[in-house]
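Peer 1: Going down the list, the sequences are from chains A and B. Heads up: the first sequence is residues 42 to 812, going by our numbering. Heads up: the second sequence is residues 42 to 812, going by our numbering.
Do not take every clue at face value.
Pairs count within a copy or across copies, as identical chains cannot be separated in the list.
Unchecked claim - Think about it this way: if two alpha-carbon atoms lie no more than 25 Å apart in a straight line, the pair counts; the simulated PhoX-like pairs of lysine-lysine are: (1) K109 - K499; (2) K109 - K607; (3) K668 - K484; (4) K181 - K747; (5) K618 - K162; (6) K405 - K256; (7) K696 - K405; (8) K696 - K678; (9) K599 - K102; (10) K678 - K152.
Rather than coming from a laboratory, the hints here were simulated on the basis of the structure. On a predicted model such as this, the values are computed, not experimentally measured, just so you know.
There are 2 protein chains.
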Amino acid sequence: MKHNLLIVLTTLLLLSCNKTTKVNDEVLVRNTNELQNAITQAQPGSTIILANGIWKDAKIKFYGLGTKDAPITLKAETPGEVFIEGQSFLHLGGTHLNVESLYFRNGYSPKSSIIKYMINKDSIANHTRVTNTVIEGFTKPNRSTNDRWVEFYGKHNQLDHCYISGKSNDGETIRVFFTGNEHINNHHQIVNNYFGPRPRKGGPRAETIRVGDSKTRFTPGYVNVSNNYFEACNGEVEIISDKTNYNSFTNNIFYKCEGSLVLRHSNYATVDSNIFIGGDDSDFYGGIRVVNTGHWITNNYFYKIRGEQFRSPLAIMNGIPMTPLNRYKQVVDVVVANNTWIDCKSPFQIGVGQNLASVDVLPKSEIRSAPPIRTTIANNLIYNTKSDKAPLINHDDMSGILFKNNVLDNNANVFSEFNVFQNETIKMKKINNWLYVPETNNKVLDSVFNGYDFERIKNDLFGSSRNDNNKVGAINQLAAAENFKIDKSQYGPDWFSTEIDTTQPNVLKASSNPGELSKLIQQAQPGGIIELTDTEYSVSTSLKIDKDITLRANGENKVEIIYKGKAHTPLFEMHPKGNLKLQNINITGQGNQLTFAPLAENMASAYNLFIEDCSIDNFNYILKASKGSFADSINFKKTVIKNSKNGFVLAADEKGDYNAEMVTFNNCEFNTINQNLIHFYRGGYDESTIGGVLTLSNNLFTNCGKTEKSGLLIKTPGIINVDISDNTFKNNNVKLVALLWGEKNNHHKNNTLINSGEIIVEDQQKLEILY
Amino acid sequence: MKHNLLIVLTTLLLLSCNKTTKVNDEVLVRNTNELQNAITQAQPGSTIILANGIWKDAKIKFYGLGTKDAPITLKAETPGEVFIEGQSFLHLGGTHLNVESLYFRNGYSPKSSIIKYMINKDSIANHTRVTNTVIEGFTKPNRSTNDRWVEFYGKHNQLDHCYISGKSNDGETIRVFFTGNEHINNHHQIVNNYFGPRPRKGGPRAETIRVGDSKTRFTPGYVNVSNNYFEACNGEVEIISDKTNYNSFTNNIFYKCEGSLVLRHSNYATVDSNIFIGGDDSDFYGGIRVVNTGHWITNNYFYKIRGEQFRSPLAIMNGIPMTPLNRYKQVVDVVVANNTWIDCKSPFQIGVGQNLASVDVLPKSEIRSAPPIRTTIANNLIYNTKSDKAPLINHDDMSGILFKNNVLDNNANVFSEFNVFQNETIKMKKINNWLYVPETNNKVLDSVFNGYDFERIKNDLFGSSRNDNNKVGAINQLAAAENFKIDKSQYGPDWFSTEIDTTQPNVLKASSNPGELSKLIQQAQPGGIIELTDTEYSVSTSLKIDKDITLRANGENKVEIIYKGKAHTPLFEMHPKGNLKLQNINITGQGNQLTFAPLAENMASAYNLFIEDCSIDNFNYILKASKGSFADSINFKKTVIKNSKNGFVLAADEKGDYNAEMVTFNNCEFNTINQNLIHFYRGGYDESTIGGVLTLSNNLFTNCGKTEKSGLLIKTPGIINVDISDNTFKNNNVKLVALLWGEKNNHHKNNTLINSGEIIVEDQQKLEILY
């Protein structure tokens, strides 16, 4: 049945018998031919050195049979000076290989992965290591083309001290595969890496690490994810999605990541001594979300995690009774002990995902009606410098949870509901701007958990023993905590710095001479500012925006830009990473063009629009998204938009994806926009992604919707977060201003509706299910 | 939430602090009061001795806190002379307890279990042991009342050297529970026990051992079931039902058990070095049935296992795509290596349970369309002294299985279909009547499974090392195998023998004097024979049959029995264990009575009827089952049944249960039975039980069914095995003779139908699903 595999394996084994001599040869290679030769000739102990410089289109298949004592090494001549660019990848097969100090940039892999611990099913990697390597922005040009950057197969492979950032296309950054006996129980190590920013993707399949899939929820993994630094890993609601058993997530720092560590299809995970740092600047920073069986969540520290529901600091989910394999299993036998939450919003949310209200619009196999059982939440500490209205939110039935010895200092505001907390006053010492440690603290109650294995919790967050004077919360010893600071040098390559120069932005002056504006935009450095010094500018071809750039009037008076380009072309053509700010500019079109539009394809990265104190007049579309394009932020303030056929159309994508994350209009005026005033769309139902945010506040809408066939002024089908507040709608010829989805986070208040239809909230909406 | 538990536990722990002195006291107790006192006063090292004799209604709650070095012991004064009878049980709580040498008989537990490793949720047993103990026929009076005989809770508990037999009521003999963190990872030991006969129950919930349930399919068990002897454990299709992970089943002997070791909801089971001995006398002896993920099935030996489908020697099942938790998961990552099958029928059945043909009558979540994948079947040996038509049956797609180095000696009849076997001639040595060992043998192919962990298979079935000259099949060394014999002394208590005296049956002579027949039946020993010496007997009250007894004519001429009892009473009242044989007797009723009927309730055990060369005339019912009653065998040969309103009604049960296992009519005549000629019924659909067997061969049916409202002569709804062959149906006024269920094992052939309707086969029948 699988004869080919066997023949090849047998051959390889025979070859390997001739290769047991250990050598210490080093060979410097200068091109891929030399490299391939060196790989073929490598023996245990060989070192292959890639010469400094740019290696373009390097399709490296590194197969070798090293030994534990004499691995085969592939490394850069000088760390940081070997650049892998173009269409390149590095796939590994064999055993005991090392790869060191490469830098992937300016390109992408033409395959399903950049680094893959398998060449083909007959050449799987075991005991191999990739270290000290950078992958930066090596993202596929088409955002909707799927790949992973690192694919783990085999057993005992390692990725350490790497820096990885900027994946903006579809697919997890790292995935561990479990496609057979030869890949399970694999003990892979993902340690001491620096996972730099991953932008919001708008939809699922954008985790930073995914371990397995729903079909592997019975499979033992023993994958270890430890001592990594995650910064702004905002791809989707799951930073890490754990889908096999017995994996460990310990001593990681999650710094301002808009997602959670999610125990999605896994069981018996160890989640210990992680630090989650959030802030006031986002409501999306998440903590730990719990599904399934037997997890131990201990010694973790959460600071200003303000996410809600699926992104709660601690989200313990409801399950589906007798769930299908790919859906939510009831939480059973979970232990949450000795964790600390500081200034988090509703740190405990229990029964998250309970959706009995949707029983009429969802199939029975989607109804999460099984609350957590046989779960223990004990010896935790919650401390708030400002009191929290609801430190615990109960979505269903908590009688299956044993709460014991959880101490709450809610800044004098006692929370006694559910009788789950001991309300106390704790004296805290602030060690730095996110770390608070109790100076006095309650002892833990171990003894009552006899038989529950609480003796497993040997040390605290910073490694201090819990043998003596064991305390509630994540930190047992003030002294060790006082010495703690984040040491970025332990994450990522030793030769690579993530520090960014913060220089003053360059300011360029543009006159209205034909072509000058376009030329200056092209010449400007990222972050540059162009001041328009004349009063009126005529533009005849699209302006290409492919970096962070600001256009603003020179003085206080507004400047006029008149767009005379062809029909169907945009004034501002948004390219990947285009980040456009306009201030004090009046824009006028010819009625048949677009004000803003992303490229029709290859929008590898997101674009942004920040428009303030402007006006836009006489276009066919103000903004029209293309399929696969994604705007992270579209933000209009104090801007007038008028006399156009269509407004903002962000409705080109499908199947759970959507075209923009944060869409905000504040203090704007919309006048005589005939149709599609705002059409913001997400197709299909995938409840684990929670995106699309539309905020309309203090705007005036007049005389819009004349030719709107749907009869609906603001169309937001499938968008999860909509807030329409304090707006005035006047003389808009539509049946409805908006049709909101009550069960999701759709709200309206204080709007004035004059001769404009009404706003209706439908609590439940029926959508196509995507999985 | 669970404060009571905590208070009690805390109290117990405080008490335990005062009890650390180790003592060596022994106390003899004579009644339950003294026993209770002794338990209360016991300290580490205490021994409580139960005085010889009968302990009636002993409700023992044995709580104590022993230590590893000084356990607390409860034991019989003399092993085998302490009988626990009446309504009794033994529940254990605390730690390090021993129970030795008790004998449970003549009674039943009034609770859900006899032996339970928990007194209540605050008093769970850990590190306790029950040894050298017998539970024999301690079965609840009502067969449909559910209990278990041994319930495991807590951790590290043991049941060893016990003899357990005769459970005939609903519920597994042993169940291991996993109802919380305090019961998982429990490492319970079930070792060196002798599991004696468990009769066919007729429906599910009659396993001998069940480990967990469908809700625990993610839970690690580490339960060890080793070195046990299972004899005629025929309760249902599953001898053992494994439903948690990482359990071991090793070195057990399954002797003539009509079921299988079933990996039902478990994963990563170790099934090594077990012996399955069947025979030609039953088609129900089973082997190993495989569902789920990651099992290793190695070194097992199968002799004359002739079960089919679910009971195949090796049944690898199809799964349901994205199955609900309580249904069939696809087989993945399973290894079947180094096993031996001797004279088995179709030893490999792959894709068992594939039911795509039922797609119209079953919900989608019942369709097993996912064939096994990533599974390895290698280095096995199949040897047949008579050639087998199909050593492998493929029910679906086998491309996901790697077959390698499986050797077949099919008695010169090459089987090359599917290309999965190496056909060879093996020289075998017959060691005893079931053990065949190769004198020469092929080597295994380890090397091709590099990375597959085949080095795990260190020894063979009899413990010989596989390091040198490793061979295919379960046995690596002829020498060690030659010395093997089953040593029954290592199973069960040392003081208890399972050998049965085989004495000649007693023959009594009964004249027709009033009351004499009834009296002799009462007086006869089990196995006794009563010969009727006169020609005509008048019986006025029911004859009570509560043992194995034969009634037969003295000579060659038939004897007449005329039943003159009240209406609605049976001539033969069948009691539990009633086993009635009639030979050469003509029976006549008054038209309003029953010939045979079990008790209306408390039919704790099955009854049997063997009727040969008789005639039965003029009754209301020939046989009418009561709810909860069960006949193991109903066997009529060369018997005339006539002039009665109803025939055989076995239709009192519901929900997957049924009233008889083997119903056989051979060479009989049915004449003028007006309705319910045969009504044999099983309600509801539970595809994992495969019971109800109706065999009709060479019978003559005349003039029956006159008042049959259903229009159906032979009614068998839900019965899985029906064979109607070589019968003649003449002038029966019905629409249909039978309506058979084609998808199940329902067949008909060579029947002659004259003016009697027809036999129809419906391939698919729609039934209520029970789970």
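Peer 1: Quick check: which numbered hints come out false for this structure?
Peer 2: 2, 3, 4, 5, 8, 9, 10
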